[in-house]
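Visitor: Sequence:
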Amino acid sequence: MDAMMSASREFFRQPSEEKQKCSNLIDGGGKHSEVEGYGNDEVVNQAEGLSWNDRLHLRVEPEDERNFTKWPAHPKSFRLLEYASRTKRIRDLVFRSIAKLLDLDEDYFLNQISSKDPGFARFNYYPPCPRPDLVLGMRPHSDAGLLTILFVDHDVGGLQVERDGRWYNVPAKPYSLVINLADCMEIMCNGIFRSPVHRVVTNAERERLSLAVFYAVDGETVLEPAPGLLDDERPARYGKFKAKDFGLSFD
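Under UniProt numbering, the residues of the sequence shown are numbered 1 to 251, in order.
These are calculated hints, taken from the structure and not from any lab test.
You may find that some hints are simply not true.
[To be verified] Here are the simulated DSSO-like pairs of lysine-lysine, each with C-alpha atoms no more than 27 Å apart in a straight line:
#: 1; residue 1: Lys88; residue 2: Lys76
#: 2; residue 1: Lys76; residue 2: Lys21
#: 3; residue 1: Lys76; residue 2: Lys19
#: 4; residue 1: Lys240; residue 2: Lys100
#: 5; residue 1: Lys240; residue 2: Lys70
#: 6; residue 1: Lys21; residue 2: Lys244
#: 7; residue 1: Lys100; residue 2: Lys19
#: 8; residue 1: Lys21; residue 2: Lys70
#: 9; residue 1: Lys70; residue 2: Lys173
#: 10; residue 1: Lys244; residue 2: Lys76
#: 11; residue 1: Lys21; residue 2: Lys240
#: 12; residue 1: Lys88; residue 2: Lys100
#: 13; residue 1: Lys173; residue 2: Lys21
#: 14; residue 1: Lys70; residue 2: Lys100
#: 15; residue 1: Lys242; residue 2: Lys76
#: 16; residue 1: Lys116; residue 2: Lys88
#: 17; residue 1: Lys76; residue 2: Lys240
#: 18; residue 1: Lys70; residue 2: Lys88
#: 19; residue 1: Lys116; residue 2: Lys100
[To be verified] What follows is a list of derived Cβ distance ranges for each label pair:
#: 20; residue 1: Asp245; residue 2: Pro75; range: 38 to 48 Å
#: 21; residue 1: Asp92; residue 2: Ser6; range: 19 to 29 Å
#: 22; residue 1: Gly247; residue 2: Lys21; range: 50 to 60 Å
#: 23; residue 1: Ala73; residue 2: Ile192; range: 37 to 47 Å
#: 24; residue 1: Asp2; residue 2: Lys100; range: 24 to 34 Å
Bear in mind that the values here come from a model prediction, so they are computed numbers and not experimental data.
No residue lacks a Cβ here, since even glycine has one placed at the ideal position from N, Cα and C.
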């Protein structure tokens, strides 16, 4: 974990021309971008503004779809493959734990996913912001996929979660991982576990780094509440549909 945070800090502190070697832009004019690579999030709605961050977004799953042309050559300590293999083990442990809590077969959720399901690592850099009251590090949203495993800076907070119209700070604790269930898992859990809306606020004086690993579903995956969670008193809160039809995948 120390190595990943150090490598992340070293990458974002490089000169712009070095970081642009991993750029996510796909045309010379800079008007079009792709998910993978270094850059900023695309502004979908001008009224929402631009999130105050730089990011490096890399596919880690499936293994045969990794685009190493987007992976940085520097720093040499960039050990994402090892880190991602360990977070995948955590993902499986969380899936089994949730299944047991819901009195489902322990492997129920693992049996719903496939080797085609995408996984992405996103390195986030939030520079100090002179007017933190005017801009967010990341706008309010919920994650679209299955599960997010977030590793945050040791002592710089910023992540907030919304509940009942109020925002609550998520403490930044050394060597801790924040586990966030996402939209597809909420559907499969029939809403028993929720996909929380969250955001990142900026800091006027200090930079902040985080590393999120997102596990999603293939666009052809059929999503529906687990049958074992349904009965006359607890009907399905969601229909049955392919993930791509509702934009709940990273494909």
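Visitor: Against this structure, judge whether each hint is valid.
Guide: The hints, checked one at a time:
no., hint, result
1, Lys88 - Lys76, "holds, 23 Å"
2, Lys76 - Lys21, "holds, 15 Å"
3, Lys76 - Lys19, "holds, 14 Å"
4, Lys240 - Lys100, "holds, 23 Å"
5, Lys240 - Lys70, "violated, 36 Å"
6, Lys21 - Lys244, "violated, 31 Å"
7, Lys100 - Lys19, "violated, 44 Å"
8, Lys21 - Lys70, "holds, 8 Å"
9, Lys70 - Lys173, "violated, 30 Å"
10, Lys244 - Lys76, "violated, 37 Å"
11, Lys21 - Lys240, "violated, 42 Å"
12, Lys88 - Lys100, "holds, 19 Å"
13, Lys173 - Lys21, "violated, 33 Å"
14, Lys70 - Lys100, "violated, 39 Å"
15, Lys242 - Lys76, "violated, 40 Å"
16, Lys116 - Lys88, "holds, 14 Å"
17, Lys76 - Lys240, "violated, 46 Å"
18, Lys70 - Lys88, "holds, 21 Å"
19, Lys116 - Lys100, "holds, 25 Å"
20, Asp245 - Pro75: 38 to 48 Å, "holds, 41 Å"
21, Asp92 - Ser6: 19 to 29 Å, "holds, 27 Å"
22, Gly247 - Lys21: 50 to 60 Å, "violated, 31 Å"
23, Ala73 - Ile192: 37 to 47 Å, "holds, 45 Å"
24, Asp2 - Lys100: 24 to 34 Å, "holds, 32 Å"
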